[in-house]
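Trainee: The lines below spell out each chain.
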Amino acid sequence: DGGITQSPKYLFRKEGQNVTLSCEQNLNHDAMYWYRQDPGQGLRLIYYSQIVNDFQKGDIAEGYSVSREKKESFPLTVTSAQKNPTAFYLCASSGGLAGGRKNIQYFGAGTRLSVL
Amino acid sequence: KQEVTQIPAALSVPEGENLVLNCSFTDSAIYNLQWFRQDPGKGLTSLLLIQSSQREQTSGRLNASLDKSSGRSTLYIAASQPGDSATYLCATYSGNTPLVFGKGTRLSVIA
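From first to last, the protein sequence lines are chains P and B. Take 1 as the starting number for the first sequence in my numbering and just add one per residue. Take 117 as the starting number for the second sequence in my numbering and just add one per residue.
Pulled out of the complex, with its shape left as it was, chain P reads as follows (with noise of 0.2 Å):
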């Protein structure tokens, strides 16, 4: 099937640790974006990418790193330096940064990251 898959589900980080979550993507999308979910809240935009080897800050990129290496995987390391990481983070892909329909964006189904 056709889809985003993040991996894993839930996810446990010690002080001073760094972390990466994985997303994967076979819907041949170029656009590739990480939100980050407290609760209450709506989803505030990491880091997104549209292209392969080209990525771009979004509002809350301190702490955070990313890498494009292949159109498929987009993964999110939480860095040491993100001092408060506990969140839901949602992976999405779209056809671009276009209008119409190929801006429609389709998202995982979430990691949650909790600290030890």
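Hints should not be assumed to be uniformly reliable.
[What the hints assert, rightly or not] SDA-like cross-link-like pairs, simulated, lysine to any residue; straight-line CA separation at most 20 Å: (1) P/71 - B/174; (2) B/219 - B/162; (3) B/117 - P/75; (4) B/158 - P/71; (5) B/158 - P/106; (6) B/117 - P/41; (7) B/184 - P/59; (8) P/102 - B/167; (9) B/158 - P/5; (10) P/102 - B/212; (11) B/219 - P/71; (12) B/219 - P/104; (13) P/14 - B/167; (14) B/219 - P/41; (15) P/102 - B/219; (16) P/71 - B/213.
The hints are simulated quantities; they were obtained by calculation from the structure and are not laboratory data.
Put chain B on the given structure of chain P with help from the hints.
Mentor: Showing chain B alone in chain P's frame:
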């Protein structure tokens, strides 16, 4: 910078009622507006996309309208069912930048 607001934050209605969810945005120069549904602990599912040139879009019991000049969109749900209980988010697209999301309206439909 675009800001998207959804009021109310939460809504509880009895089954069978028709209801309207509201979305407002500050910059009317949008290319499209999208409505999403999110079930607890899950990702988002796209419901409807309205192009800037359109006034409304329909899918089953859902109807979304767009008034760019006033910076408003509404999502109308007819004959609500308990299965409609979820958080509904709207998001706007204004150009070569990602979607800007509202915080959502949490809907509970009581049987």
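Trainee: Now look at each hint and say whether the structure bears it out.
Mentor: Consistency of the hints with the structure:
1. P/71 - B/174: violated (33 Å)
2. B/219 - B/162: holds (15 Å)
3. B/117 - P/75: violated (28 Å)
4. B/158 - P/71: It is violated: about 24 Å lies between the C-alpha atoms, which goes past 20 Å.
5. B/158 - P/106: Holds, because 12 Å separates the two Cα atoms, which is no more than 20 Å.
6. B/117 - P/41: holds (18 Å)
7. B/184 - P/59: Distance ~25 Å between residue 184 of chain B and residue 59 of chain P Cα, so the pair is violated.
8. P/102 - B/167: holds (12 Å)
9. B/158 - P/5: holds (12 Å)
10. P/102 - B/212: Cα-Cα ~13 Å, so holds.
11. B/219 - P/71: With a Cα-Cα distance of about 30 Å, the restraint between residue 219 of chain B and residue 71 of chain P is violated, given a limit of 20 Å.
12. B/219 - P/104: Holds, at roughly 18 Å.
13. P/14 - B/167: Since the Cα atoms of residue 14 of chain P and residue 167 of chain B sit roughly 45 Å apart, the hinted pair is violated (cutoff 20 Å).
14. B/219 - P/41: holds (5 Å)
15. P/102 - B/219: violated (23 Å)
16. P/71 - B/213: holds (19 Å)
Violated hints for the displayed structure, listed by number in ascending order: 1, 3, 4, 7, 11, 13, 15.
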